[in-house]
Amino acid sequence: MTHQYPSLSPEQKKELSTIAQRIVAPGKGILAADESVGTMGKRLQKINVENNEENRRFFRDLLFSVDSSIANSIGGVIFFHETLYQKSDKGVLFPKLIKEKGIVVGIKVDKGTAGLNGTDGETTTQGLDGLAERCAQYKKDGCDFAKWRCVLKISDGCPSALAIAENANVLARYASICQQNGLVPIVEPEILPDGDHDLKRCQYVTEKVLAAVYKALSDHHVYLEGTLLKPNMVTAGHSCPKKFSPEEVAMATVSALRRTVPASVPGICFLSGGQSEEEASLNLNAINQTPLHRPWKLTFSYGRALQASALSAWKGKQENKQAAQNAFCTRAKINGLASRGEYKPAGEANQAATQSLFTASYVY
Amino acid sequence: MTHQVPALTAEQKKELQDIAQRIVAPGKGILAADESVGSMAKRFNQIGVENTEENRRLYRQLLFTADTRIDSCIGGVIFFHETLYQNTDDGTSFTKMIKDRGMVVGIKVDKGVVPLAGTDGETTTQGLDGLSERCAQYKKDGADFAKWRCVLKISEHTPSQLAIMENANVLARYASICQQNGIVPIVEPEILPDGDHDLKRCQYVTEKVLAAVYKALSDHHVYLEGTLLKPNMVTPGHACPSKVTAGEIAMATVTALRRTVPPAVTGVTFLSGGQSEEEASINLNAINTCPLSKPWALTFSYGRALQASALNAWRGQKENEKAATEEFIKRAEVNGLAALGKYISSGDGSGAAGQSLYVANHAY
Chain R
488 MTHQYPSLSP EQKKELSTIA QRIVAPGKGI LAADESVGTM GKRLQKINVE NNEENRRFFR
548 DLLFSVDSSI ANSIGGVIFF HETLYQKSDK GVLFPKLIKE KGIVVGIKVD KGTAGLNGTD
608 GETTTQGLDG LAERCAQYKK DGCDFAKWRC VLKISDGCPS ALAIAENANV LARYASICQQ
668 NGLVPIVEPE ILPDGDHDLK RCQYVTEKVL AAVYKALSDH HVYLEGTLLK PNMVTAGHSC
728 PKKFSPEEVA MATVSALRRT VPASVPGICF LSGGQSEEEA SLNLNAINQT PLHRPWKLTF
788 SYGRALQASA LSAWKGKQEN KQAAQNAFCT RAKINGLASR GEYKPAGEAN QAATQSLFTA
848 SYVY
Chain X
192 MTHQVPALTA EQKKELQDIA QRIVAPGKGI LAADESVGSM AKRFNQIGVE NTEENRRLYR
252 QLLFTADTRI DSCIGGVIFF HETLYQNTDD GTSFTKMIKD RGMVVGIKVD KGVVPLAGTD
312 GETTTQGLDG LSERCAQYKK DGADFAKWRC VLKISEHTPS QLAIMENANV LARYASICQQ
372 NGIVPIVEPE ILPDGDHDLK RCQYVTEKVL AAVYKALSDH HVYLEGTLLK PNMVTPGHAC
432 PSKVTAGEIA MATVTALRRT VPPAVTGVTF LSGGQSEEEA SINLNAINTC PLSKPWALTF
492 SYGRALQASA LNAWRGQKEN EKAATEEFIK RAEVNGLAAL GKYISSGDGS GAAGQSLYVA
552 NHAY
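Chains as they are written, first to last, in my numbering: chain R, 488 to 851; chain X, 192 to 555.
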């Protein structure tokens with residue numbers, strides 16, 4: 488604990504921090520297009536499209552081939568392994584297409600969750616085996632950042648001390664390995680919104696989880712300036728009877744982050760976790776207007792919240808391609824504005840007219 | 192770990208945060224006048240003054256009766272127990288005088304270091320027994336913040352895992368108890384400057400120690416907005432052959448803090464740790480002009496670095512009192528400017544201001 492064995496050279500550190508800052512440059516966020524084959528299946532099923540390789544390619548092509556101005560709102564795209572080696576209609580490899588727009592290419596590297604015996608259905612995430620070699624290869628193939636998702640849930644006895652400790656540790660191992668191979672690790676400790684718990688409970692759990700994550704990152708000698716965090720926003724559970732306004736979500740979220748995330752972390756890119764497209768944008772916007780000092784960028788890493796309308800518009804039909812692309816670009820622009828706290832929803836002439844359920848007496 | 196049993200009410204939290212913010216208001220810092228009887232003996236020995244209760248009272252009086260010039264640069268004063276119950280010549284209690292002038296009264300509550308068996312001369316700090324009752328009494332007697340000093344040292348094999356963990360834990364217990372009694376805890380994990388280690392080593396150790404401290408504070412449910420941190424600056428050891436500039440000290444210090452101290456912490460009040468008066472001011476100024484984003488107030492909690500010249504001028508003689516007070520006011524104003532990054536040193540490293548106040552293996 489007393490002697491440093493530097494894990495990264497100054498050049499490696501500089502490269503990592505530069506990549507991280509490019510991804511979360513002002514007004515930009517991340518398109519999470521890393522749905523696994525199984526998850527893509529769920530998305531495509533909803534629009535009655537067959538889940539085959541060509542359809543997956545076509546849809547990603549639809550997103551990646553939009554006008555280069557998308558780079559004003561998108562700083563990075565997370566790929567799934569299969570997609571990294573697919574090509575556009577014109578035969579251009581997807582990573583190349585994305586890089587040419589000035590957007591950073593990322594890759595999902597975890598291999599899904601695995602059960603933790605002796606817990607109430609809690610999990611850790613696997614994928615560490617051979618990860619260094621895989622990262623080195625991904626770096627050669629055009630990637631500059633990676634993503635690894637851990638999952639925790641809130642219930643009467645969860646998350647347990649084991650779940651918190653084990654997931655924090657595996658995230659730190661993953662992050663350490665990525666940095667050795669020139670990849671910026673996005674650290675994602677998602678606390679699911681399932682349940683009837685209220686906002687306070689989610690805030691409390693989020694604070695405990697993030698404190699454990701950053702202690703683990705410190706223990707594993709991870710270079711924080713070369714990482715990004717992808718957390719849940721602090722929200723009430725989906726079946727919580729009480730509803731909360733974007734301002735309340737924002738206050739609870741920013742308070743939790745201020746208590747746990749060191750200022751040296753360049754950016755925090757929220758997951759949308761089942762929020763609607765508009766909800767995810769409004770919440771992100773409110774977060775960026777919270778009257779508390781926020782030393783990191785606060786932006787998005789959205790999957791569904793960027794693609795839902797596009798999928799809906801596409802419905803698997805070639806002739807709907809333009810409409811689908813427009814839908815995607817619209818959401819990207821809106822979230823870009825939200826990441827600056829400058830999103831004004833159409834039809835809202837007066838901010839005060841927004842129905843705010845903000846409870847002034849709630850001390851976060 | 193999953194259910195919050197709120198440790199503090201909303202009102203308690205607000206009171207604690209307000210106190211903390213008042214202490215580190217812009218341009219203000221802390222006068223650490225909490226030298227124990229034994230520490231005062233060392234100070235008096237150097238100026239040939241007998242260590243009697245009356246002399247200690249006379250000396251503190253000349254600091255506390257400084258004119259209104261210090262009101263804009265001193266946010267809080269840390270008292271030793273004896274001093275809390277002493278009066279000025281005309282019978283006014285020191286506590287009342289300080290409070291009436293708008294400065295916050297603090298009290299040292301630890302009971303000194305004790306050895307950790309099985310380590311290489313490492314220590315923890317005692318004082319938890321009956322601490323709650325003592326805090327409640329101090330609160331009644333006018334104190335609104337407290338201080339507790341833990342000590343770590345850098346050598347070939349220290350600080351050990353045990354020393355880091357034990358000191359972090361005892362600091363968290365102390366902090367938790369203070370807050371229950373309306374007292375803002377100043378958390379002081381001092382890493383001594385003794386040794387020949389370089390700047391990098393100090394930075395590394397400081398990062399590990401602070402990461403452990405904030406994990407412990409999280410585990411103990413401490414309300415960070417109602418705390419202050421009193422760390423060492425990051426410097427090379429006193430016997431290190433290579434010297435560094437104030438700018439390098441500032442960068443190393445702010446970097447270490449950015450990686451470990453959550454933005455929610457209201458302020459960081461550095462200890463001077465044997466630096467000369469001028470060194471301590473120049474370094475604090477450099478810290479405040481360091482081009483990295485700093486989400487907390489960065490100010491001083493100086494003992495020797497505020498009092499050395501005053502002691503020297505006084506030499507126990509009544510006729511020197513005014514001159515001594517004037518020396519103290521001078522340092523207070525200089526440090527007030529340094530806390531704003533506005534101190535321009537005249538380059539005069541001579542006199543008591545430039546003399547190193549390093550005492551080997553410093554203990555109060």
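Just so you know, these hints were derived from the structure itself, not from any lab. Be a bit skeptical, because a hint or two may be false.
To be verified - Straight line, CA to CA, 30 angstroms or less: simulated DSSO-like cross-link-like pairs of lysine-lysine: (1) R:K501 to R:K626; (2) X:K533 to R:K640; (3) R:K730 to X:K205.
Hint check:
1. R:K501 to R:K626: Measuring from Cα to Cα gives roughly 16 angstroms; hence the hint holds.
2. X:K533 to R:K640: 49 angstroms, violated
3. R:K730 to X:K205: 25 angstroms, holds
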